[in-house]
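Number of protein chains: 2
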Amino acid sequence: MLGFGETMNPMKIECEKKRAQLLDGARVAEEIKREVAEDIERLKREHGAVPCLVVVRVGEDPASRVYVRNKVRTSEALGLRSEHRALKAETTTEELLNLIEGLNARDDVDGILVQLPLPKEIDERRVIEAIDPAKDVDGFHPINVGRLSLGQETLAPCTPVGIIELLERNAITISGANSCIVGRSQIVGRPVAQLLLQRDATVIICHSRTRDLSSITRQADVLIAAIGRPGFIKGEHIKPGATVIDVGINRVTDEAQARELFGEEAEKRIEIIRARGYTLVGDVHPAEADQVAGRRTPVPGGVGLLTVAALMRNTLKAARWRRGL
Amino acid sequence: MLGFGETMNPMKIECEKKRAQLLDGARVAEEIKREVAEDIERLKREHGAVPCLVVVRVGEDPASRVYVRNKVRTSEALGLRSEHRALKAETTTEELLNLIEGLNARDDVDGILVQLPLPKEIDERRVIEAIDPAKDVDGFHPINVGRLSLGQETLAPCTPVGIIELLERNAITISGANSCIVGRSQIVGRPVAQLLLQRDATVIICHSRTRDLSSITRQADVLIAAIGRPGFIKGEHIKPGATVIDVGINRVTDEAQARELFGEEAEKRIEIIRARGYTLVGDVHPAEADQVAGRRTPVPGGVGLLTVAALMRNTLKAARWRRGL
Numbered sequence: 001m002l003g004f005g006e007t008m009n010p011m012k013i014e015c016e017k018k019r020a021q022l023l024d025g026a027r028v029a030e031e032i033k034r035e036v037a038e039d040i041e042r043l044k045r046e047h048g049a050v051p052c053l054v055v056v057r058v059g060e061d062p063a064s065r066v067y068v069r070n071k072v073r074t075s076e077a078l079g080l081r082s083e084h085r086a087l088k089a090e091t092t093t094e095e096l097l098n099l100i101e102g103l104n105a106r107d108d109v110d111g112i113l114v115q116l117p118l119p120k121e122i123d124e125r126r127v128i129e130a131i132d133p134a135k136d137v138d139g140f141h142p143i144n145v146g147r148l149s150l151g152q153e154t155l156a157p158c159t160p161v162g163i164i165e166l167l168e169r170n171a172i173t174i175s176g177a178n179s180c181i182v183g184r185s186q187i188v189g190r191p192v193a194q195l196l197l198q199r200d201a202t203v204i205i206c207h208s209r210t211r212d213l214s215s216i217t218r219q220a221d222v223l224i225a226a227i228g229r230p231g232f233i234k235g236e237h238i239k240p241g242a243t244v245i246d247v248g249i250n251r252v253t254d255e256a257q258a259r260e261l262f263g264e265e266a267e268k269r270i271e272i273i274r275a276r277g278y279t280l281v282g283d284v285h286p287a288e289a290d291q292v293a294g295r296r297t298p299v300p301g302g303v304g305l306l307t308v309a310a311l312m313r314n315t316l317k318a319a320r321w322r323r324g325l
Numbered sequence: 001m002l003g004f005g006e007t008m009n010p011m012k013i014e015c016e017k018k019r020a021q022l023l024d025g026a027r028v029a030e031e032i033k034r035e036v037a038e039d040i041e042r043l044k045r046e047h048g049a050v051p052c053l054v055v056v057r058v059g060e061d062p063a064s065r066v067y068v069r070n071k072v073r074t075s076e077a078l079g080l081r082s083e084h085r086a087l088k089a090e091t092t093t094e095e096l097l098n099l100i101e102g103l104n105a106r107d108d109v110d111g112i113l114v115q116l117p118l119p120k121e122i123d124e125r126r127v128i129e130a131i132d133p134a135k136d137v138d139g140f141h142p143i144n145v146g147r148l149s150l151g152q153e154t155l156a157p158c159t160p161v162g163i164i165e166l167l168e169r170n171a172i173t174i175s176g177a178n179s180c181i182v183g184r185s186q187i188v189g190r191p192v193a194q195l196l197l198q199r200d201a202t203v204i205i206c207h208s209r210t211r212d213l214s215s216i217t218r219q220a221d222v223l224i225a226a227i228g229r230p231g232f233i234k235g236e237h238i239k240p241g242a243t244v245i246d247v248g249i250n251r252v253t254d255e256a257q258a259r260e261l262f263g264e265e266a267e268k269r270i271e272i273i274r275a276r277g278y279t280l281v282g283d284v285h286p287a288e289a290d291q292v293a294g295r296r297t298p299v300p301g302g303v304g305l306l307t308v309a310a311l312m313r314n315t316l317k318a319a320r321w322r323r324g325l
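Heads up: the protein sequence lines correspond to chains A and B, in order.
Just so we're aligned, residue 1 is where the first sequence starts under this note's numbering, counting upward by one.
Just so we're aligned, residue 1 is where the second sequence starts under this note's numbering, counting upward by one.
A portion of the hints provided could be inaccurate.
It does not matter which identical chain is used: a pair holds within one copy or between any two.
With a Cα cut of at most 25 Å, we get these calculated DMTMM-like pairs of lysine to aspartate or glutamate [claimed, not checked]:
| no. | residue 1 | residue 2 |
| --- | --- | --- |
| 1 | K120 | E153 |
| 2 | K317 | E83 |
| 3 | K18 | D39 |
| 4 | K88 | E124 |
| 5 | K317 | E168 |
| 6 | K239 | D221 |
| 7 | K120 | E94 |
Just so you know, the hints here were simulated from the structure itself, not pulled from any lab data.
In isolation and in its complexed conformation, chain A is listed as follows (with noise of 0.2 Å):
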């Protein structure tokens, strides 16, 4: 704020209004989606195969629920056949693993997914063991991601996918660059650590017990957070000019923290807040990130979005890989 006879300084206010450009995760998710839905096409045309999906989900877990509806319309807009098993939450994991050992046995199921995470009394580890390595979709299985590990062709997790997606079709140079991820989750931190590793990227990971923490990620030319941490990540964490990826979806329901976060967007998501309770913010802090980084994802609308395209793609892989195509 200017005081009483202060000047402007025209440097200053560009200094001020400097952005970091904006990652479109939509473009990029509706991008490959129609790269799958054109490969569904020829590959009913050229071997009358339709690659189909289920999705199995246990209990009423309302996110869960919304999720797995977005798996669902996203494979039938996209012209992939998909069944959806909803089991009530007193499910056991025999019964599960029953309804798994079914499913791998269908010759016309390409892919299953068990949306996790499950009611806490099924044993999770056998489910995701129990599936198909052929037919896990979510690269959750042990041998995929020794697999991954190996460098070998496989179905790799599908938000650390869309990520790397979103890094290639926007040109960021991965080949030598500095990368570092904050979180060491089996879902994305590990896998993406993989995956950037393959593509000759130097690899950091960071986590809770990182001592000094910025003094590390500050030396990221691609700085990943997925932590589950509102705004964690803030200026000082980031090297200016750095792309930043933010995992991170968190609800924000306090309106003082809200100001606080999104600077000149402050105002339309209150806006949200009042109308629907919270507003979504990531892993990282969306007014400081816009002042240092060279790029960044929003949230929402950002990595969120390139999952469920990834998953499309892993079902085709599977679908095309179980065919011998």
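Once you've looked at the hints, dock chain B against the given chain A.
Chain B in isolation, oriented as in the chain A frame:
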């Protein structure tokens, strides 16, 4: 060197005499082997079971002969049963797969190790994947690689396991430490990264495409060199006081090179070259590392000795798991 009329500065002398503490691989290897021998004795006494390791070698590679002999001898010294199958160089992939199938089926066999590299006519990947994962004491089967990445109990590759033992038994802090691995092989670099990450280190993986390597490696409290280039890691790559683990084993035949590499030890090494044609050096420049590092592993006498000790422990582990103990 002191010029005419210069006085010696005692501080400087002390500084130049500074030498990194050597981490004794032999001591730790003996410790592990003693524990394994005791556990084998107990297994025999309490369950009447004698673990059995089968080592398969194809062709006449002289280095492989030495490694295999070493593995077989150590097995016997520790009270393991061991079999050595030496196959002719012309062995086909199918013949080797048949042999492995037979070993998989034999209930008395706990560990199967196929010495790599195989002659290039043999499909190494098919051979590795044919080994029963429960008997895969090298930890190279994709499902074991996956389990390692997932943080599950598994048979992990021997050299990385040996490195962790060496660090832990010398009370070198891993949790929260900055660790840096130079080299991303499937046998050392990638699996040791997983083991360090599980133990809460921040992990940096560098390789031939890494830019400004020394600025990255110089952050490491624990620096691991596994690239196969003699004396590549120099003083400039090492953080003062760091622990440097040298996985390389390279031959030096040139006396001038030996003089440059070995500092005070050079004359001894040159005698070795004169006696048998070569001396061994790791991927770390020993004379330079001595000036900067806090601790380092020697070559020979460092990590190399731990690999076989870790193999013995993996065989014991496999024997226990297969018997549900």
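Against the structure, the hints come out as follows:
1. K120 x E153: For K120 and E153, the Cα distance is within 25 Å only across copies (21 Å; inside one copy 32 Å).
2. K317 x E83: Classified as within; 18 Å inside a copy, 43 Å across copies.
3. K18 x D39: The answer is neither: 41 Å in one copy and 65 Å across copies each exceed 25 Å.
4. K88 x E124: within (16 Å within a copy, 46 Å between copies)
5. K317 x E168: within (19 Å within a copy, 43 Å between copies)
6. K239 x D221: both (7 Å within a copy, 23 Å between copies)
7. K120 x E94: Cα proximity of K120 and E94: one copy only (14 Å, versus 45 Å across).
In terms of the numbered hints stated before, the structure departs from hint 3 and from no other.
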